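Student: Full structure from sequences and hints, please.
Number of protein chains: 2
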Amino acid sequence: MNNNRQWLLKARPEGMIGTEHFELVTSAIPEPAAGQALIKTLMLSFDPAMRGWVEDEPSYLPPVAIGEPMRASGVGQVIRSNNPELPVGSLVQGMLNWQEYSLADPSSGWMPRPLPAQVTPSMALSVLGGTSLTAYFGLLEIGQPVAGETVLVSGAAGATGSVVAQIARLKGCRVIGIAGGEEKCQWLQQDCKIPEVIDYQKQNLKDELARRCADGINVFFDNVGGDTLEAGIEHMADFGRIVMCGAISGYNDASPAPGPRNMMKVITRRLRLQGFIMMDFMDRMEEAYRDLGQWVAAGEIAWREDIQQGFENIPSTLLRLYDGRNQGKQLLQLAEPSH
Amino acid sequence: MNNNRQWLLKARPEGMIGTEHFELVTSAIPEPAAGQALIKTLMLSFDPAMRGWVEDEPSYLPPVAIGEPMRASGVGQVIRSNNPELPVGSLVQGMLNWQEYSLADPSSGWMPRPLPAQVTPSMALSVLGGTSLTAYFGLLEIGQPVAGETVLVSGAAGATGSVVAQIARLKGCRVIGIAGGEEKCQWLQQDCKIPEVIDYQKQNLKDELARRCADGINVFFDNVGGDTLEAGIEHMADFGRIVMCGAISGYNDASPAPGPRNMMKVITRRLRLQGFIMMDFMDRMEEAYRDLGQWVAAGEIAWREDIQQGFENIPSTLLRLYDGRNQGKQLLQLAEPSH
Chain A
1 MNNNRQWLLK ARPEGMIGTE HFELVTSAIP EPAAGQALIK TLMLSFDPAM RGWVEDEPSY
61 LPPVAIGEPM RASGVGQVIR SNNPELPVGS LVQGMLNWQE YSLADPSSGW MPRPLPAQVT
121 PSMALSVLGG TSLTAYFGLL EIGQPVAGET VLVSGAAGAT GSVVAQIARL KGCRVIGIAG
181 GEEKCQWLQQ DCKIPEVIDY QKQNLKDELA RRCADGINVF FDNVGGDTLE AGIEHMADFG
241 RIVMCGAISG YNDASPAPGP RNMMKVITRR LRLQGFIMMD FMDRMEEAYR DLGQWVAAGE
301 IAWREDIQQG FENIPSTLLR LYDGRNQGKQ LLQLAEPSH
Chain B
1 MNNNRQWLLK ARPEGMIGTE HFELVTSAIP EPAAGQALIK TLMLSFDPAM RGWVEDEPSY
61 LPPVAIGEPM RASGVGQVIR SNNPELPVGS LVQGMLNWQE YSLADPSSGW MPRPLPAQVT
121 PSMALSVLGG TSLTAYFGLL EIGQPVAGET VLVSGAAGAT GSVVAQIARL KGCRVIGIAG
181 GEEKCQWLQQ DCKIPEVIDY QKQNLKDELA RRCADGINVF FDNVGGDTLE AGIEHMADFG
241 RIVMCGAISG YNDASPAPGP RNMMKVITRR LRLQGFIMMD FMDRMEEAYR DLGQWVAAGE
301 IAWREDIQQG FENIPSTLLR LYDGRNQGKQ LLQLAEPSH
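Chains A and B are the protein sequences, given in the same order. The first sequence begins at 1 in the UniProt record's numbering and counts up by one. The second sequence begins at 1 in the UniProt record's numbering and counts up by one.
For the record, the hints were derived by calculation from the structure and aren't laboratory data. Just so you know, not all the hints are guaranteed correct.
Since the list gives no way to pick out one identical chain from another, each pair is judged satisfied if it fits inside one copy or across any two copies.
Capping the alpha-carbon separation at 20 Å, the derived lysine to any residue pairs in SDA-like fashion look like this [claimed, not checked]: (1) 206 x 258; (2) 202 x 187; (3) 206 x 255; (4) 193 x 79; (5) 206 x 57; (6) 10 x 252; (7) 206 x 58; (8) 206 x 256.
Only a predicted model underlies this, so the values are computations on that prediction, with no experimental measurement involved.
Tutor: As structure tokens, this is what we get:
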């Protein structure tokens, strides 16, 4: 057990990402130098946006280089330390990447954040993690819903979408969720208390929106893109806001699919389509943690975690996001914290 | 001369609009009743958005009905009046439609506005008309340019685009105009003082944008849509704003063309695409008239008018907008004011 296993990016996918794009390598566990600390990865988070990180194109984060460990956020535990801010045994979160051990090194600018007390590793990466922060700021700051308005959420059973739908409900909006499959729709209705759900696998999305949204959609939080975005645009109310959060339907296309055919409606209905990423709100995280923490403590927000096991299953776990197999926030556990 | 000629909408176009979609009819000139005034049309304005007004689909204005005179803004002169607010001889502007005479009737809610002193009919419909108000509010309120930023304008030699480009220049921005043909490009450079112009007929738009906009476009005022919109999105800077004003490239498509393939960039670059129409700013017209009037008086804004002649040429004059034959704001004169 004195080896560090890593999954490196071996090749850039064109089209669907697969396990063949990653390579398992083994090296010695690094020794923490002065000021550094050694962190053991306990749990990793899997997010649809990771597909974009392996594209060979500058974006809001630099592309993961070939031969580097795949970038991923996670929770770890400090097991050796030459840094008083990172005491041995403490739990931390940050970009731990697909590897069993990493070195925190303040001089290189990378320092993981301590986990708040009473927050478990999985909660830190699920209902209090990046997807919930994305939901919080995207809905409230970009979408700006007003009580009584109609909010449409695609990918509504996903980690981000389900929190969006529930925050919109808590803010007094009428919420319509789009999800795929009976199980996800039932979970939204029963656990998340979102009575109006469209099962896009069984129902015709355009017909359902036409039937339910005669007065128009005020806020559309879109995680899916493609035809779903086009269908939503078609039924927006005047001055509606479209929160452009993700486009999972197209992440694995070899060449990008055509965009919405009805962009003229953006003009005639005076719509606002706005993209954002969670990191833009870094300096306002405290308010999100405060509100999310209160809702979780009060039992007002349901969530679920899909926790896979085992270092060797990391690449295949990522694929679960793109065929919709995951049931809740996709995580993978490498180890239990030691006490 | 006691007949009223009108061009009625005869059929809805599918695809390219043509003279065959309108029908010339002649009826008696109406008599103004109590409170009404009879207005003689002097000049009509032609705008790309008129293609949308004949679509059989509810929009920001109701569709022009089959058998009704085509909707159009214009300038007229009061020739008979039972209304002290509309004295005989006064010049007015408003929706006069494609007809030689119309009745102003305050009880029906429709009253044309008086022309300010020293404003000629053509100026009221060109540099002080709806296209300039669209340019003013679209650029400043939706685009929110900051001095030093890069502003891209498509349809830059058009009535709206040329005023956008010049206001952006007056606000201290770097301006890049896109126009078709040497004559339009020279006019932009020499008269409008926009040194950077891309001639999309001669140059490759994507290559030119890549070459000129390495640091990204902060505001894109788009009048064209389609491939031009896609090319602009490709080179937007982080947090860039796209003012969705028009999409003339697609107005006459029988079925809507696919939208931009690169909508993912809206997310990763945190772009804002926002549609608007000038009427949304109705209660703030005075500030636009004040600023535009000052710029015009100081010779800071160049404009030109393409004035066709003759009632019988009204439908064919509309078509000039869609093949780019118009050189400046498209107008048509029916009569001179009488003194």
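Student: Are the hints correct? Go through all of them and say.
Tutor: We went through each hint and held it up to the structure:
Taking the closest pair of Cα atoms, residue 206 and residue 258 come within 20 Å of each other both inside a single copy (18 Å) and across two copies (17 Å). With identical chains, the CA atoms of residue 202 and residue 187 are at most 20 Å apart within one copy only, with a shortest distance of 16 Å there and 57 Å across copies. Taking the closest pair of Cα atoms, residue 206 and residue 255 come within 20 Å of each other only across two copies (18 Å); inside a single copy the shortest separation is 25 Å, beyond that limit. Taking CA atoms no more than 20 Å apart as the test, residue 193 paired with residue 79 passes in neither setting, with 42 Å inside one copy and 66 Å between copies.
Taking the shortest alpha-carbon separations for residue 206 and residue 57, only the inter-copy value of 17 Å comes in at or below 20 Å, while the best intra-copy value is 34 Å. For a Cα distance limit of 20 Å, the shortest separation of residue 10 from residue 252 inside one copy, 17 Å, qualifies, whereas the shortest one across copies, 48 Å, does not. In this assembly of identical chains, the alpha carbons of residue 206 and residue 58 lie at most 20 Å apart only when taken from different copies (18 Å versus 35 Å within one copy). Taking the shortest alpha-carbon separations for residue 206 and residue 256, only the inter-copy value of 17 Å comes in at or below 20 Å, while the best intra-copy value is 22 Å.
Violation of the numbered hints given earlier is confined to hint 4; every other hint is satisfied by the structure.
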